Amino acid sequence: AQSVTQPDIHITVSEGASLELRCNYSYGATPYLFWYVQSPGQGLQLLLKYFSGDTLVQGIKGFEAEFKRSQSSFNLRKPSVHWSDAAEYFCAVGDGQAGTALIFGKGTTLSVSS
Amino acid sequence: DAGITQSPRYKITETGRQVTLMCHQTWSHSYMFWYRQDLGHGLRLIYYSAAADITDKGEVPDGYVVSRSKTENFPLTLESATRSQTSVYFCASKDRYEQYFGPGTRLTVT
Chain S
1 AQSVTQPDIH
11 ITVSEGASLE
21 LRCNYSYGAT
31 PYLFWYVQSP
41 GQGLQLLLKY
51 FSGDTLVQGI
61 KGFEAEFKRS
71 QSSFNLRKPS
81 VHWSDAAEYF
91 CAVGDGQAGT
101 ALIFGKGTTL
111 SVSS
Chain H
115 DAGITQSPRY
125 KITETGRQVT
135 LMCHQTWSHS
145 YMFWYRQDLG
155 HGLRLIYYSA
165 AADITDKGEV
175 PDGYVVSRSK
185 TENFPLTLES
195 ATRSQTSVYF
205 CASKDRYEQY
215 FGPGTRLTVT
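So the sequence lines, in the order shown, correspond to chains S and H. Mapped onto the numbering used here, the consecutive letters of the first sequence carry residue numbers 1 to 114. Mapped onto the numbering used here, the consecutive letters of the second sequence carry residue numbers 115 to 224.
It cannot be assumed that every hint is accurate.
[Said to hold, decoys possible] One-sided excerpt, in silico: chain S residues whose CB lies under 10 Å from chain H:
(1) V4
(2) Y27
(3) T30
(4) F34
(5) G41
(6) Q45
(7) F51
(8) G94
(9) G96
(10) K106
Simulated from the structure, these hints should not be mistaken for lab results. Fair warning: this is a prediction, and the values are worked out from it, not measured in the lab. Don't be surprised by glycine CBs; every beta carbon is placed ideally from N, CA and C.
Could you put the whole structure together from the sequences, leaning on the hints where they help?
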């Protein structure tokens with residue numbers, strides 16, 4: 001079955017510390033991978049995406065993610081977290097076809113401590 | 115303004131009432147989607163549409179009805195609202211690769 005797993009429901013990181021959010025997927029076709037962020041009461045904003053090519057992709061707000069096909073993973077990283085990064089993060093996978101809805105993980109809530 | 119909008123942003127209704135959530139996009143994307151977001155479940159697909167007058171069920175369609183008479187609009191109707199339909203509803207449109215989300219509608223059924 002096609003699915004996305006975000007193993008960590010909630011993570012707390014100190015401000016200025018590094019961050020890694022995990023994402024594993026199970027997908028039959030070549031995966032197109034996404035990370036979205038949702039601030040409280042807001043909609044979903046695209047952080048970054050991977051379609052092909054360089055497996056390390058850069059996104060907005062200083063985030064990056066690395067695609068590892070052998071591990072079926074697409075982990076999100078940030079070298080130094082800011083208090084404004086506190087939000088919920090969703091990993092999603094698609095197949096590059098317009099008619100295919102993205103499959104989302106259940107999300108990881110990030111809290112930032114001072 | 116270009117983009118995808120939803121209305122209303124907040125709605126409180128009573129059990130048994132009919133409620134329609136509106137979604138409008140300005141990109142002329144063929145594909146549009148409705149999701150609901152619930153704690154512990156992430157986003158679950160309710161219905162999607164490939165074009166005007168073409169719709170299909172997603173993961174959790176029961177209790178919902180959609181229509182799409184125009185490419186830019188994709189309303190979602192709860193014909194007889196239940197408490198279990200209290201949720202945040204997101205509409206999205208999609209080009210070949212990316213989905214673009216509206217700001218969401220927070221619906222409370224009392």
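Each hint, compared with the structure:
1. A hinted interface residue such as V4 (chain S) counts as satisfied when its beta carbon comes closer than 10 Å to some beta carbon of chain H; here the least separation is about 8 Å, so the hint holds.
2. A cut of 10 Å between beta carbons decides the hint on Y27 (chain S): the least distance to chain H is about 15 Å, and the hint is violated.
3. Of the supplied interface hints, the one on T30 (chain S) is violated, with its beta-carbon coming no nearer than about 12 Å to a beta-carbon of chain H, more than 10 Å.
4. Interface hint status for F34 (chain S): upheld, as the beta-carbon distance to the closest one in chain H is roughly 7 Å, under 10 Å.
5. Residue-level restraint check for G41 (chain S) holds (minimum Cβ-Cβ distance to chain H is 8 Å; threshold 10 Å).
6. Of the supplied interface hints, the one on Q45 (chain S) holds, with its beta-carbon coming within about 8 Å of a beta-carbon of chain H, less than 10 Å.
7. Interface hint status for F51 (chain S): upheld, as the beta-carbon distance to the closest one in chain H is roughly 6 Å, under 10 Å.
8. Evaluation of the G94 (chain S) hint against chain H yields a held restraint, the C-beta minimum of about 7 Å falling below 10 Å.
9. Annotation: interface hint on G96 (chain S) holds; nearest CB of chain H at approximately 6 Å, less than 10 Å.
10. Hint status for K106 (chain S): holds, given a least beta-carbon distance of 4 Å to chain H, under 10 Å.
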